[in-house]
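Got chain A; can you put chain S on it based on the hints?
As they're listed, the protein sequences go chains A and S.
Take 1 as the starting number for the first sequence in my numbering and just add one per residue.
Take 1 as the starting number for the second sequence in my numbering and just add one per residue.
Among the hints, a few may not be true.
Once the Cα atoms are required to be at most 27 angstroms apart in a straight line, the calculated DSS-like pairs of lysine-lysine come out as [claimed, not checked]:
no.: 1; chain 1: S; residue 1: Lys196; chain 2: S; residue 2: Lys18
no.: 2; chain 1: A; residue 1: Lys325; chain 2: S; residue 2: Lys232
no.: 3; chain 1: S; residue 1: Lys355; chain 2: S; residue 2: Lys345
no.: 4; chain 1: S; residue 1: Lys18; chain 2: S; residue 2: Lys355
no.: 5; chain 1: S; residue 1: Lys325; chain 2: A; residue 2: Lys232
no.: 6; chain 1: S; residue 1: Lys345; chain 2: A; residue 2: Lys424
A short list of chain S residues far from chain A (calculated; beta carbon distances all over 10 angstroms) [as the list claims (entries may be wrong)]:
no.: 7; residue: Gly73
no.: 8; residue: Phe149
no.: 9; residue: Lys276
no.: 10; residue: Ser385
These aren't lab readings, by the way, just hints derived from the structure by calculation.
These numbers come from a predicted model, not from an experiment.
For glycine and all other residues, C-beta sits at the position ideal for the given N, C-alpha and C.
There are 2 protein chains.
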Amino acid sequence: MADIIIRNAYILTMDPEKGDIQNGVIVIDNGLIREVAENTEATARKEIDGHGCVAMPGLVNTHCHIGMTLFRGYADDLPLKVWLEERIWPAESQTTEDDIYRGSLLGCLEMIRSGTTAFADMYFHMNRTAQAVEESGLRAALSYGMIDFGDTAKADAELQEGIRFCRDWNGRGDGRITTMYGPHAPNTCSREFLLKVKAQAKKDELACHIHILETQGERDAMTAEHGESSVKYLNRLGFLDRDVLAAHCVWVNEEEIRILADSGVHVSHNPVSNMKLASGIAPVAKMLAEGVRVSLGTDGCASNNNLDMFEEMKTAALLQKVSMKDPSVLSARQVLEMGTINGAKALGLNSGILKAGFNADLILIDMKQAHLTPVFDVPSHLVYSAVGRDVRTTIVNGTVLMENGNIVGLDEEQILRSMEEHAKGLHFQS
Amino acid sequence: MADIIIRNAYILTMDPEKGDIQNGVIVIDNGLIREVAENTEATARKEIDGHGCVAMPGLVNTHCHIGMTLFRGYADDLPLKVWLEERIWPAESQTTEDDIYRGSLLGCLEMIRSGTTAFADMYFHMNRTAQAVEESGLRAALSYGMIDFGDTAKADAELQEGIRFCRDWNGRGDGRITTMYGPHAPNTCSREFLLKVKAQAKKDELACHIHILETQGERDAMTAEHGESSVKYLNRLGFLDRDVLAAHCVWVNEEEIRILADSGVHVSHNPVSNMKLASGIAPVAKMLAEGVRVSLGTDGCASNNNLDMFEEMKTAALLQKVSMKDPSVLSARQVLEMGTINGAKALGLNSGILKAGFNADLILIDMKQAHLTPVFDVPSHLVYSAVGRDVRTTIVNGTVLMENGNIVGLDEEQILRSMEEHAKGLHFQS
Chain A
1 MADIIIRNAY ILTMDPEKGD IQNGVIVIDN GLIREVAENT EATARKEIDG HGCVAMPGLV
61 NTHCHIGMTL FRGYADDLPL KVWLEERIWP AESQTTEDDI YRGSLLGCLE MIRSGTTAFA
121 DMYFHMNRTA QAVEESGLRA ALSYGMIDFG DTAKADAELQ EGIRFCRDWN GRGDGRITTM
181 YGPHAPNTCS REFLLKVKAQ AKKDELACHI HILETQGERD AMTAEHGESS VKYLNRLGFL
241 DRDVLAAHCV WVNEEEIRIL ADSGVHVSHN PVSNMKLASG IAPVAKMLAE GVRVSLGTDG
301 CASNNNLDMF EEMKTAALLQ KVSMKDPSVL SARQVLEMGT INGAKALGLN SGILKAGFNA
361 DLILIDMKQA HLTPVFDVPS HLVYSAVGRD VRTTIVNGTV LMENGNIVGL DEEQILRSME
421 EHAKGLHFQS
Chain S
1 MADIIIRNAY ILTMDPEKGD IQNGVIVIDN GLIREVAENT EATARKEIDG HGCVAMPGLV
61 NTHCHIGMTL FRGYADDLPL KVWLEERIWP AESQTTEDDI YRGSLLGCLE MIRSGTTAFA
121 DMYFHMNRTA QAVEESGLRA ALSYGMIDFG DTAKADAELQ EGIRFCRDWN GRGDGRITTM
181 YGPHAPNTCS REFLLKVKAQ AKKDELACHI HILETQGERD AMTAEHGESS VKYLNRLGFL
241 DRDVLAAHCV WVNEEEIRIL ADSGVHVSHN PVSNMKLASG IAPVAKMLAE GVRVSLGTDG
301 CASNNNLDMF EEMKTAALLQ KVSMKDPSVL SARQVLEMGT INGAKALGLN SGILKAGFNA
361 DLILIDMKQA HLTPVFDVPS HLVYSAVGRD VRTTIVNGTV LMENGNIVGL DEEQILRSME
421 EHAKGLHFQS
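So that you can see chain A by itself, here it is in the shape it has in the complex:
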């Protein structure tokens, strides 16, 4: 007897061999998908009626700072320098471990509600983020964000903290938590430090999560200091390969796009944050055309200000269309691939497709709503009409985390109330 059978749903498998199933069943057992078909002989301890719903792989958010959910709406509409130096950095410097735990738990709750089943994160006090992920039931690839600014003593301390975090948490939560090394960016980490981190990551067989070329400022600074921009520089250091998750890549030129493609780097595109901070428009259509593996991320709540991957998918499609002056670039299907399969690959997960043997990480979207009626094309609705709030049911690792809009494992009311109380006491000095 299996654990769960979902019946009567339209199944968007994201499996190119199988295609969609108009009305099918998904059998889940022991954390994995056992069967995806028109019908089944199997029986299960629990049945979920997917009538009126689309079942699809859970969305994978490949770049987040989930602790920052604490700072949602704390600073907006400011020049980047003022936002960062006068608001975010001072607030972060006064942020406690407990703040990060609360912010992370709130972020996990929002992800479960909006259909994200796995995410990649880089921040500090990561043991408390990991604790929140463990409790929430989500899947995550977590990294402690390391910066040395060329200070050797700091570099050593940061790497030790990174190693400790990876050793403590990799594989925890029944394998839902994996870890990565998180050197912050090529312009905030020294060459020596980047080399040490890469060597450690190879030794531990772990990937690296890094910001690359989010701003034109980084491009200018790197070119001035090293005579070449970040991607060329990192490639020459031997840093770039399939075990690198690079956030943003807004200011890459054509030569750098080819390097990203050839080295197999996973790029996390964060259009909402890039627009809100006026960082620029990443050449995603060109990257995809050159074979770069591009997925999607929300970035932190201080620059978004939510964690809604449905919004991220729509914004990604729209921004490429208008910037390329071509409404046919980034089709709904392509964007769904970025939000599911590509994201799962970027995190090294056996997820992102509804297929036997894959992780049972999936969501049901309630299609019986005015803004999703009528239905001519399901992928179109998921990308261009739906929002995270349309998700009804979220399952991760075969465990139901939300059913029919009700959160199962977490005490939602208590999380919201305690965060609201807690935020009243936050008086960040700038």
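Relative to chain A, chain S alone:
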């Protein structure tokens, strides 16, 4: 005794003299707001508890083709010419009056659910759209879209239909329905026709709703034919004044921006549609700086693909920030003004502010949710974190159209089911 009192809500009045009220009351009587205050002596037949909610003026969507809600997701990701000529036009040519009624009713339902209380619309079979608006309880400024393509007989017939529609419907639905003349665009209507329409509109004391410079193609064609682009051309014809609602204005140059400001034209900015069709990026920050009255619209569902004005507000802010390379342009407050007061002015409505004497067109947004927690700044959350689905209660003209997520006046289930059934039978020949 008043009709309704709303208590315990955070009130975003949008009234610059009054500012926000942290915890206040709104007294509604006879379709109007009677009082907005910290407290009241008044009593009412109905009390609404706004605890945990923000009360704000309903959003005003200043450019829509609501009948096209029928075509949601029918054609996406196509080059503009293919989308229009091979998909939308053939579908429209086979669209019946009944289709338009169903599409409009569905669109009204979506607007009520997502917090839009008034909209401007231009399309065909408008008597059926007006019927849907009358039944829905929404407020709307409707126009029959007229095109002559230089054909004199067609011009006369179109104008007669426009006159008939205005005479039949202006002031209907207890004054909730007003009418405008709808000459489609300066490149689809002849000079003579535009002059005749303008004269008729002046005679009837009605405004005109027109598309201006949505595409670079219009700019090029107008310049080739008339030696000047659309805004200069229309200004020379004496067409432009405060009684003009101009949709899009994407391709206006600096001289044209000054003409729009000086003539008092109301511009409807439609960022989602402009991005999805790759039309371009309207210079909204420049227009606002020059004093142009800019409001927001969703455009039709064939190019959006929803009618969510919260999404439109966020997209408007983000698109200006990234295109101007300045994260401080279009603040959350400014965007809220565009979505409320500016929209109301564009439609000639006494709405858009919560203040005694104004129309009781307002909404309550449920803030007790993960993606709206914690709250540092209410306007930030409304623009950058919320979605239309967060609206709990919608009131138009003092009548409750949705309360606590339940639609009051319309049979939602029947509308959705009948539209879904109806769409199955639609096989548009292209």
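Consistency of the hints with the structure:
1. Between Lys196 (chain S) and Lys18 (chain S), the direct Cα distance comes to roughly 44 angstroms. Violation of the 27 angstroms bound is thereby established for this hinted pair.
2. Proposed proximity of Lys325 (chain A) and Lys232 (chain S) is supported: the alpha carbons are some 25 angstroms apart, at most 27 angstroms.
3. Using a Cα cut-off of 27 angstroms, the hinted pair Lys355 (chain S) and Lys345 (chain S) holds, with the two alpha carbons roughly 15 angstroms apart.
4. A C-alpha spacing of about 9 angstroms is found between Lys18 (chain S) and Lys355 (chain S), which places the hinted pair at or below 27 angstroms, so the restraint holds.
5. In summary, the hint linking Lys325 (chain S) to Lys232 (chain A) is supported, as the alpha carbons are separated by about 25 angstroms, within the 27 angstroms threshold.
6. For a cut-off of 27 angstroms, the pair hint linking Lys345 (chain S) to Lys424 (chain A) is broken: about 37 angstroms separates their Cα positions.
7. Distance check for Gly73 (chain S) against chain A: the nearest CB is about 4 angstroms away, which does not clear 10 angstroms, and the non-interface claim fails.
8. Non-interface status of Phe149 (chain S) relative to chain A is upheld: no Cβ of that chain comes within 10 angstroms, the nearest being about 24 angstroms off.
9. Once the 10 angstroms rule is applied to beta carbons, Lys276 (chain S) is inconsistent with being away from chain A; the minimum gap is 6 angstroms.
10. For Ser385 (chain S), the shortest C-beta to C-beta distance to chain A comes to about 5 angstroms, within the 10 angstroms cut-off, and the non-interface label is violated.
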